[in-house]
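Residue numbers (my numbering), protein chains in the order written: chain A, 4 to 467; chain B, 4 to 467; chain C, 4 to 467; chain D, 4 to 467.
These aren't lab readings, by the way, just hints derived from the structure by calculation. Keep in mind that a hint or two might mislead.
No copy labels: a pair is met if it fits in one copy or bridges any two.
Unchecked claim - Computed cross-link-like contacts, BS3-like style, restricted to lysine-lysine with a CA-CA straight-line distance of at most 30 angstroms:
{"no.": "1", "residue 1": "K234", "residue 2": "K381"}
{"no.": "2", "residue 1": "K200", "residue 2": "K234"}
{"no.": "3", "residue 1": "K200", "residue 2": "K342"}
{"no.": "4", "residue 1": "K443", "residue 2": "K351"}
{"no.": "5", "residue 1": "K75", "residue 2": "K342"}
{"no.": "6", "residue 1": "K11", "residue 2": "K342"}
{"no.": "7", "residue 1": "K381", "residue 2": "K200"}
{"no.": "8", "residue 1": "K155", "residue 2": "K124"}
{"no.": "9", "residue 1": "K454", "residue 2": "K11"}
{"no.": "10", "residue 1": "K351", "residue 2": "K200"}
{"no.": "11", "residue 1": "K405", "residue 2": "K124"}
{"no.": "12", "residue 1": "K163", "residue 2": "K247"}
Protein chains: 4
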Amino acid sequence: MTDISNDKFRDECGVFGVFGHTEASTLTQLGLFALQHRGQEACGIVSSDGEDLHQIRRLGLVADNFGEKTLKRLPGESAIGHTRYSTAGKKSVREAQPFSVTCQHGQIAVCHNGNLPFANKKRLELEEQGAIFNSTSDTETILHSIARTQAKDAIEAIAKVLKDTEGAFSLLFLTPEALIAVRDPRGFRPLVLGRTKDTWAVGSESCAFDLIDAEYVREIEAGEMLVIDKKGLHSHRPFDKKPKSVCTFEHVYFSRPDSIIFGRSINESRHKMGRQLAVEHPVDADIVVPVPDSGVAAAIGYSAESDISFRQGIIRNHYIGRTFIEPSESIRSFGVRLKLNPIQDLIKDQKVVLIDDSIVRGTTSKKVVALVREAGAKEVHIRISCPPTVSPCYYGVNTPRKAELIAAQMSVDEVCRYIEADSIGYLSMEGMLEAIGIDKNSSCVACWNGKYPTAIGNGSKDIR
Amino acid sequence: MTDISNDKFRDECGVFGVFGHTEASTLTQLGLFALQHRGQEACGIVSSDGEDLHQIRRLGLVADNFGEKTLKRLPGESAIGHTRYSTAGKKSVREAQPFSVTCQHGQIAVCHNGNLPFANKKRLELEEQGAIFNSTSDTETILHSIARTQAKDAIEAIAKVLKDTEGAFSLLFLTPEALIAVRDPRGFRPLVLGRTKDTWAVGSESCAFDLIDAEYVREIEAGEMLVIDKKGLHSHRPFDKKPKSVCTFEHVYFSRPDSIIFGRSINESRHKMGRQLAVEHPVDADIVVPVPDSGVAAAIGYSAESDISFRQGIIRNHYIGRTFIEPSESIRSFGVRLKLNPIQDLIKDQKVVLIDDSIVRGTTSKKVVALVREAGAKEVHIRISCPPTVSPCYYGVNTPRKAELIAAQMSVDEVCRYIEADSIGYLSMEGMLEAIGIDKNSSCVACWNGKYPTAIGNGSKDIR
Amino acid sequence: MTDISNDKFRDECGVFGVFGHTEASTLTQLGLFALQHRGQEACGIVSSDGEDLHQIRRLGLVADNFGEKTLKRLPGESAIGHTRYSTAGKKSVREAQPFSVTCQHGQIAVCHNGNLPFANKKRLELEEQGAIFNSTSDTETILHSIARTQAKDAIEAIAKVLKDTEGAFSLLFLTPEALIAVRDPRGFRPLVLGRTKDTWAVGSESCAFDLIDAEYVREIEAGEMLVIDKKGLHSHRPFDKKPKSVCTFEHVYFSRPDSIIFGRSINESRHKMGRQLAVEHPVDADIVVPVPDSGVAAAIGYSAESDISFRQGIIRNHYIGRTFIEPSESIRSFGVRLKLNPIQDLIKDQKVVLIDDSIVRGTTSKKVVALVREAGAKEVHIRISCPPTVSPCYYGVNTPRKAELIAAQMSVDEVCRYIEADSIGYLSMEGMLEAIGIDKNSSCVACWNGKYPTAIGNGSKDIR
Amino acid sequence: MTDISNDKFRDECGVFGVFGHTEASTLTQLGLFALQHRGQEACGIVSSDGEDLHQIRRLGLVADNFGEKTLKRLPGESAIGHTRYSTAGKKSVREAQPFSVTCQHGQIAVCHNGNLPFANKKRLELEEQGAIFNSTSDTETILHSIARTQAKDAIEAIAKVLKDTEGAFSLLFLTPEALIAVRDPRGFRPLVLGRTKDTWAVGSESCAFDLIDAEYVREIEAGEMLVIDKKGLHSHRPFDKKPKSVCTFEHVYFSRPDSIIFGRSINESRHKMGRQLAVEHPVDADIVVPVPDSGVAAAIGYSAESDISFRQGIIRNHYIGRTFIEPSESIRSFGVRLKLNPIQDLIKDQKVVLIDDSIVRGTTSKKVVALVREAGAKEVHIRISCPPTVSPCYYGVNTPRKAELIAAQMSVDEVCRYIEADSIGYLSMEGMLEAIGIDKNSSCVACWNGKYPTAIGNGSKDIR
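Pulled out of the complex, with its shape left as it was, chain A reads as follows (with noise of 0.2 angstroms):
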């Protein structure tokens, strides 16, 4: 069957970890749940009990897998953990996050949202020096360097590891005394520091804390290294400073709209882009109709700065299960009906404005155009609240290759012509920043205009 959240750029993971609660691994499985959104293929949590590390990784959701029982395999007051996507054919828990091992400097489990584009080339001058590698994982490098590194402890030699490691990373370290979250110096991908009462919560996004009932402190900063132990919070900065570069795309999809991260709220970031978008790309029309889930906060900012009314045009279907079978007398559209349908009396005879936040290969935006119209629709305009995406991503985002890209192949009047919509339009890249309210020197947009802030190395897209 055609799955159609395959035709999205796909955040790569979430993490999470708990230092000093006496239930740190209920606390993570309630904060993995919360960002079962960055990772549905796998999740894991290694619990610490002040000696020893607790280690249980599973293929599949977070609360199909971390039950009463399972929690209390992880004993301790602190917790790591880890939701995943897979690539292709490597969906094995093998695979799967925190790693957890033992070397000279003691038990440490690892566990990482972004990407090392030297990982290859290090690998294997880590095999050349007798390293063995039990998965295909990138990350796996960053526990053999520091196994070999010299330092008085596991924190000096993680310290020492990362300051030579290019890249995008955003880890968090468990040893059986200390939680260790380090954001690399670009800080291509988020992460949050929470507070309630004595326990402290690090997380790819806030929306993590609100269930915990934590709040939101602060970023965990570009290049900072914060060591958490029973003595408190201690903020190292082991890299030279380099110049940063958050991943926009954060705000235009891949978190919570309820999450705040980079110090705003995704929320307040997709209004604007809706409203923006009107400004720039106006049409006479009778409905604002939102692609669900993603498209709605664009949709409605939108609707407010254009008065077309906003109209709830496709409900989605979220009873997702394992995999349907497609009939062999084929059903037009089969996959994408699956997830979403439009409602027939809302749509027919309606000029419908289409918000959706990006188009990666076409071919999902070709069905939903014709699901719309299918409908009744008299003419479907398809607003996104991005520009085109022209370039696969480094930095820990799951993305086709350039030639998969439809905005990469062809003009912007092609890929309307390709969709079959009746107009089509994109938003500018200073009005996408304007509405983040970020300054493009401080962030990454490579996926738009193909310039990206580092050396790609290898060209290495392992996912983790």
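Fit chains B, C and D to the given chain A structure using the hints.
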């Protein structure tokens, strides 16, 4: 843990059937998937290969239980299926439908949406006559009555039995040769007919047709018994005529917004309820926020009528799993937070109109109001798109006892104080019926006024 | 794959029950575990808490299905249970016993070892009178008859119905208040009574008592209906007297060697059969080798009488799993090798007497002879501890049709050639009965001489 | 519950491998199935498709875990597999073998039967050099050492590393191109070579060849490293020569009676032990009864030599499931009764010679003697087919600590009194070695005399 979905009236079951397709059970699985919202605790399919019936019933969701392998064990060109809620303590496959038995009229399967208030009495009579029961379900009494009825075939027996059966029933029967769809003469519960090429489909709501690319044809009418076999459609009218009393709550909450039932679009009804609610209960506020997902359509209507901005101020998490353990050091509003999370920067310092479809016990509404206040709302005004619910349902809806219905125990002002809202407004009966476009004399509004269209019987509240 | 156990007559079912113990379902599980050899495809337990019956049925083995958690759902001080073989294609939980229903006489559960040859006829009659059937089992007809019988209580109804029932039945019934054990007047199948302190136990074989530390008291007699309730034991004789015809094959193969049934030790019978076989069919050989495990006791007897060394020349693998795939480049005797492996250095160049309990289709015997020859045997003489089996059983044993029984189609010499043995010897009827110590006029030997003690009815061979 | 199998020395693991068959993983599964008695807690297979290795490891039995679907995920023409016991508390898939890693010499998988007494020391050294560990297994140290060794390929690296490794190891390695079988220079554990057509097989015991229709070729010799690749067999001798010390206990208990190991039939050894036991410890008795299944072969020998009748007086139940709950009102000898049941009419009033292979803690023997007495035996004489076991094993056998070995704490007479036997007799060391036909100077008898053939190292008792 607290399950916030427990604080809703719950529709009881969904039924779906197909006749004349080589992949009848696959289509039935897709139809049931679209009707999953009508029952999530058990599901089942019975297919006919022309000679024998094949039955599979399971606890859990359709998508988790009916994969390729399972569907292969359900061969044939016709099939019926069921999704079900169970009452507490009877979560057993034994109670899952369709039931399938052998009797003097051959093999017969049945599934039921509705309730038979006199089933307990009938059951005792049947037992005295030698019947043995395998479930606690009222539906089983229908099968026994059919088995005891002298008739030339199963179809005649079904007609004879149902003629004498009081209550709410949208029933599908399957025999090796025919699919029979019956709706009681008052037409309490919906049942609709669809078609794709030579294949006929019947189901609780029209949204089930969209997924299999079938088009909505018409309602099975109240009092109609429609027999579908190789020769085509045969419409019978075995019942004495009675006044119609279709379930208004289907439009308020149960049915999917993209469905047409009772000849009317659900989305349109809800939008108009929202508009009318704004007319009846205006308020000076900054934003209109729906309690997702059921309050969305009415909230858009309220916003359109009142010209107050519609904003998705509460995010719903759809990755719902089995259960979550509440940390022992309890989190405020834990249960509701698993599903709902407010967007703080949107709500902070705002006067909020919160739109919900109904209030049952009031416990969840109280938590949602608290959630919005904790997010910083200046004022919280709640608006409900139907009248106060004061009476339990005996026609196939899972409702608490009267003593648990907050509006049966408190005045509207008291409800407002209990849930700690700044103001409250319920839609009037007249406003609601006007919005739905259904005549008061053709509908059942017993849950709002306590006037039941039939004798209630032995008070049985068995759900199927 | 080939399953060599398919080439045996298979006993049909085991039944076990307990009255008067706070852990009745736990004891029942242990009893069923000891009777697992009587049925391995499904198992079930029904318990009574004094008011209600609780039922759990499962496909598979007792030890895999009735763990601590499951047993907790079977509360009460009395219980009955069943282990079952199913016929091909009907491997469904629906057919698993005990059945448990509600009727005018209250809740009744039943499990059955035996067969009712006239059940199909009875079933049609019952259907004409309005009965509905949930399984294909003949046992279900008994429940319907009971439900239709006017009587002061369940016990009287059971007695009335069974009085008019022809066939083989060792039955256990459970009501909220009593456990009822019944054996048909001819006493085809075994049923024994045991006791530990104030707890009564009933079961198919006495080996089930040893595990729960109960002692064997006596047989439930042919034609006896024993009611066990809070007041104690009540023995009834509801049947007209008929000549006894106990199943001789129980001593030949079905029962466990450590059981006492029909008042006689199985092991003793088999040992004497082996001795008698040596008297009737001596041979000049080097070693006596049993086909494990069923041929062991007779082989020891043959060795003792003949003074030829007993050697375990064939090893049986007991780690039997679900299924094994045969490599496409097929292995000689693949199926039989999964279970049996010859010890080459013991067999090489030896004249071997192979002792088995019976030959059914001859296919497995042929493979075993080949196995022993491949291991280097100079001669292979086969000796069978009962007469040639020439007729199917209609009293609760799963046998192939007559056309598949090799001894019904070939002379003894032809069988010998077919299985490629150097010589063959079957125990004589007289020798066998002498060894078992049971009078010919009190036993059923129909599978060896085709003379059935009752009319056979509709030829139904339903197994339970 | 009590598990009587805990009161045995337990062999540690079985290994099996195949080279040159299109269904290599299917054959490996069959070989492991035949070696299931050597380890029942975990199993795994790694296959090679010529380019990549594929790994699946699971907790539980081979037959339950490697079905058709799983085997399809293990493509290729070579494979190795492992069955494993785990030590308490480390029942994790992480510890299951074969391990499979990537290093500078490419992909390498390994599985191990044996023990490396100096592994803990080596582990610390490796960690200091930067190695990271994923399991607690000593086998993992071998992989790290290989990864760190400069060599022209994996094979040369393996040879270099093992040359410097002290301990007991029968190892199988798999690389994409070759299967390597190695036995340590003392040859503690068995390893044999088989062949069917162009396919080579290696395994712990020859019984694994019978099932796949391969024939036993020869032992992998002590100190041999056999490389099997597309060009054929290449035998290397990388080790310094050392005196042989093969494990005598393999013949006493671990290996299957139908196996040939160390060039000798297990069954023949056991039969002769039984005969010798009758010579050394005669007794005036009525019947010889084995403790099944391990005592059978020796009991037949004892009977043959003594002319006392061999009788299967104790029946073993092979339907062993997960666990059984002991009823709270405890049953005498509960644990042992789940597996063993005496035949009362055979034992009653008899003088019984009970034959067992060994006594470890004495607790089970005490229960078995009690069982036989409760069945009515007049006298119970116990005979053990090896000398008193007084020392733990450090070469790959799971043994209790010395303090738990009854014979290390008590004299033979005291043991007799403790288990409440009428007399006891252990086979002498000389008698045992004579029966096995192995020279004392070529065998390890440390568990009986405490003289270890190597330095014991750090006392590590890791089991694989």
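query: When no copy is named, should K200 and K342 be tagged within, between, both, or neither for a Cα gap of at most 30 angstroms?
result: Answer is between; shortest inter-copy Cα gap is 24 angstroms, intra-copy 41 angstroms.
task: Please work out whether the CA atoms of K381 and K200 approach to 30 angstroms or closer within one copy, between two copies, in both situations, or in neither?
output: between (57 angstroms within a copy, 26 angstroms between copies)
message: Please sort K351 with K200 into within, between, both or neither, judging by C-alpha distance up to 30 angstroms.
response: Cα proximity of K351 and K200: across copies only (23 angstroms, versus 54 angstroms in one copy).
Homomeric proximity label, K200 with K234: Cα distance no greater than 30 angstroms: within (15 angstroms within a copy, 63 angstroms between copies)
- prompt: From the Cα coordinates, with 30 angstroms as the cut-off, is the pair K454 and K11 best called within, between, both, or neither?
  reply: Answer is within: at 21 angstroms inside a copy they meet the 30 angstroms cutoff, but 52 angstroms across does not.
field: Homomeric proximity label, K443 with K351: Cα distance no greater than 30 angstroms
entry: Classified as between; 28 angstroms across copies, 42 angstroms inside a copy.
Copy assignment of K75 with K342, given that the CA separation must stay at most 30 angstroms: For K75 and K342, the Cα distance is within 30 angstroms only across copies (24 angstroms; inside one copy 36 angstroms).
message: Please sort K234 with K381 into within, between, both or neither, judging by C-alpha distance up to 30 angstroms.
response: Neither, since 66 angstroms and 39 angstroms both go past 30 angstroms.
query: For the identical chains here, do K11 and K342 meet the 30 angstroms Cα criterion within one copy, between copies, both, or neither?
result: both (14 angstroms within a copy, 24 angstroms between copies)
task: Could you place K163 and K247 in one of the four classes (within, between, both, neither) given a Cα distance threshold of 30 angstroms?
output: Only inside one copy: K163 and K247 sit 21 angstroms apart there, 50 angstroms across copies, limit 30 angstroms.
task: Check K405 against K124 for me: Cα-Cα at most 30 angstroms, and say if that holds within a copy, between copies, both or neither.
output: within (23 angstroms within a copy, 51 angstroms between copies)
query: Between copies, within a copy, both or neither: which fits K155 and K124 at Cα up to 30 angstroms?
result: For K155 and K124, the Cα distance is within 30 angstroms both inside one copy (27 angstroms) and across copies (21 angstroms).
Going through the hint list in order, the structure does not satisfy hint 1, though it satisfies all others.
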